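Number of protein chains: 2
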Amino acid sequence: MVPGTAPAVAAPAAGRAPITLAEFGSFHVGGRDFVVSGQPTREVLFSPGGQPARVDPNGTYLVGGMYAGYMIPAPQRGRFPLLMWHGGGLTGVTWETTPDGREGWQHFFLRRGWPVYVSDAVERGRSGWTMIPEATGGQPIFLTEDNPYERFRIGDGPGSRARGTTLPGNQFPADGDSYRNFMRQNVPRFTTTDELTLEAYGALLDRVGPSVVMVHSQGGFFGWRAAQERPDKVRALVLVEPAAVGDLAKVAALKDVPMLVLYGDYIDGDARWPAIRASGMRFAEAVRAAGGSVDVVNLPERGIRGNSHMMMMDRNSDTVAGLVQEWLAGKGLWA
Amino acid sequence: MVPGTAPAVAAPAAGRAPITLAEFGSFHVGGRDFVVSGQPTREVLFSPGGQPARVDPNGTYLVGGMYAGYMIPAPQRGRFPLLMWHGGGLTGVTWETTPDGREGWQHFFLRRGWPVYVSDAVERGRSGWTMIPEATGGQPIFLTEDNPYERFRIGDGPGSRARGTTLPGNQFPADGDSYRNFMRQNVPRFTTTDELTLEAYGALLDRVGPSVVMVHSQGGFFGWRAAQERPDKVRALVLVEPAAVGDLAKVAALKDVPMLVLYGDYIDGDARWPAIRASGMRFAEAVRAAGGSVDVVNLPERGIRGNSHMMMMDRNSDTVAGLVQEWLAGKGLWA
Chain A
1 MVPGTAPAVA APAAGRAPIT LAEFGSFHVG GRDFVVSGQP TREVLFSPGG
51 QPARVDPNGT YLVGGMYAGY MIPAPQRGRF PLLMWHGGGL TGVTWETTPD
101 GREGWQHFFL RRGWPVYVSD AVERGRSGWT MIPEATGGQP IFLTEDNPYE
151 RFRIGDGPGS RARGTTLPGN QFPADGDSYR NFMRQNVPRF TTTDELTLEA
201 YGALLDRVGP SVVMVHSQGG FFGWRAAQER PDKVRALVLV EPAAVGDLAK
251 VAALKDVPML VLYGDYIDGD ARWPAIRASG MRFAEAVRAA GGSVDVVNLP
301 ERGIRGNSHM MMMDRNSDTV AGLVQEWLAG KGLWA
Chain B
1 MVPGTAPAVA APAAGRAPIT LAEFGSFHVG GRDFVVSGQP TREVLFSPGG
51 QPARVDPNGT YLVGGMYAGY MIPAPQRGRF PLLMWHGGGL TGVTWETTPD
101 GREGWQHFFL RRGWPVYVSD AVERGRSGWT MIPEATGGQP IFLTEDNPYE
151 RFRIGDGPGS RARGTTLPGN QFPADGDSYR NFMRQNVPRF TTTDELTLEA
201 YGALLDRVGP SVVMVHSQGG FFGWRAAQER PDKVRALVLV EPAAVGDLAK
251 VAALKDVPML VLYGDYIDGD ARWPAIRASG MRFAEAVRAA GGSVDVVNLP
301 ERGIRGNSHM MMMDRNSDTV AGLVQEWLAG KGLWA
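Those protein sequences? They're chains A and B, same order as listed. The first sequence runs contiguously to residue 335 in full-length UniProt numbering. The second sequence runs contiguously to residue 335 in full-length UniProt numbering.
In short, the hints are calculated from the structure, not lab data. Here the structure is a predicted model, which means the values were calculated and not measured.
Which copy is meant is left open, because identical chains are indistinguishable; a pair holds if it fits in one copy or across any two.
Keeping only pairs whose Cα atoms sit at most 25 Å apart, straight-line, the calculated SDA-like set for lysine to any residue is:
id : residue 1 : residue 2
1  : K250      : A203
2  : K255      : P48
3  : K250      : Q51
4  : K250      : D232
Build out the structure end to end from the sequences listed, making use of the hints.
Spelled out as C-alpha cells, the structure:
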C-alpha cells in the first residue's frame, strides 16, 4: 500500500506495528550573519491581489543555518541518538521513504529504538539557501532526470533511462513511477558551501551531544571531518558509499571512533567508483595505521547483490540496514 | 526544556504524553517535465578530493514537485486528514515547532487525533527548486533579518529589531535567540510559481483524498483556489491571516465548504493589513452571498490579544489552536 493514499489514512501500513514516540519535533542550528549594502529597494507584490510591499535588499541576512527533525521512540534501545546525514543534491528525505513507498531507514532504526535525527544539509531542503552569490559563491547544480539514473549505478550506461534498462539484477526501484518519485526528491546541489555545512553539522553535534553519525555519499566528507573536529561527540560513524574522505593529516583524531564503510554492487564496472572507493580505502588504511578501527563491507562479498549508490532506497534496503544494525549492536551501542 | 538538547533525547518534554503513530512517512507529488537544450556541458567536482564528473545540462528536468510528510495517530479522532499549508518565504516547519522550542500546531492537532500532513510549497524546502529561470521565471526574494520583524506585526515599526522593541503585549517569542531561530526557518520566496504550486496542491488533494485544509498567509490564495477547483476534496478550510483571496467568479463552488478565517492583533495600526483583511472580508461576503458559510474571528474581539502574523508560533499558540479545534468539532469533523 502506498502511504498517503486515502486508505493509508485509515489504517497502518500492512504488517507494520504502530510506533510510540516519547517526543518528536524539529529545530534549526548554526548559520552566520551576512551583510548586503548599496542595493536599490524594490516594490514586491507577494500575492496576486494582495498589497504591494517595499523590499529593501540591504541589511543583514542569516545564512548557513541547518534544519533537523527528530523522533525519540519509547522504549529507547539505541545508547546514543542516530544522526542521518544525506548526500549531495538530496535532502533528509533520503532516509524517510523509498521511491516505491516502502518505509525508509528512518523507520527501520526508529523501530529498533534509536532516537533518529534527520537533517537537511546547509542550503538544501528546509535549511534554506541564500541566493546571495557573494555569501557562498558558485552556481548550484541541478540534475536532468537521466543523470542519477546513469551516475548512481542504476541504469546500464548512457541512454539506459530512455531504454528503461538497468544493470543486471539492480535493486533500485527503477520503474517509471518510482524513479520519478526519486527525481522529485532531488534538489539543486551546492559545491561551494562545504565550510558552512561542516560548521552547521558541528553545531548539530554540539546541540544533540554524543551521537552515532550515519552519512551517505557527499556526507562522507562531512562525517569524517566532523568526527575529526569533535571526536568526543561521535561514538560511531557509518559511511554509506562516502564520495570523499576526511583530513589525512588528522586521522589520529579518529582512533577511538569505530567506523563502518559500506559499498554496493557494480563498482568495478563503473567509470568513477573504483577510484572513489580506492581513495576511501587509502583513508581507512591511514586511520588503521593511526590505531583506529574501520570495518569495510563490499555488499557483494557478503552475497548481497544488486545495490545501487542509493542502497537505503533499494528493494533490499532492510537487508542492508540490518547489517548496519548488527554492527552497531556489536559495538555495544544498542541495548 | 528545548527539544534536541542532550537531556531531551533521554526523556519526553516535561508534561507531555508520548504519541502513538499508526503510520508516518513522506512522499512527493506533482511536477512537470521541462526540457533544456543547446547548453554546453561542464566538468564538476562534486566533492573535494572526489572524482570529477561531466555534467550535461541539456535534457529533461522534473520541476514543480511537492513534498509532504504525514503522521497518522492512533487512536484517530479527526474524521479527515488535516493538511497544513504554510505561507510565503517559509516551509512546513511553520507548523512543526515554535521559535522558542515549544510544540507546534502539528503536535497540537496530532495529539487530538488528527492525521496531519505537513507539506513544503513548490520550490521551497524539500520540494526543491529549479534554478531554471525559463521554467518558472522571476527572481526569488530573500528577506533581511529585520524584514519579518517589522512586516509580521512583531516589532513596533522601522528599526524595532535593532531597538529590540515590540508592539505592546506582543505574543511572538521575539527574544534574540528565538527570533534567530525563526529567521533560520525562512527560505527564498518565489512570486512566479503560483500556477505550479496550485497544481501540486491539487495533486496532493487527489492523492490524500477528502481533507480539512489549513492555510497561512500566502497559503490563503492556494487554499481558496484549490477548494474552488476541488470542492469535493476540501471538507473545511481554516485560513490563518490569508494574504490573498480566491477567484471571485467561482465563489459558488465554495458554498458547501465551511470556512474559518482568523486575524490577529495590531491590524488597524498596520500599513498593509487593513487592506488585506478588507479584501478577505469582501471575498467572504461574496461566498456568503453565493450560499456559503464563512466564520471570521478577529482574535482581539474574543479577548485574545497580542497575536502577530505568525500566531501558530506566538506564546499563546495553543489558545488559538484550541479555538480552531473547537470550530472543527462544531462542524462535526472530529469525533
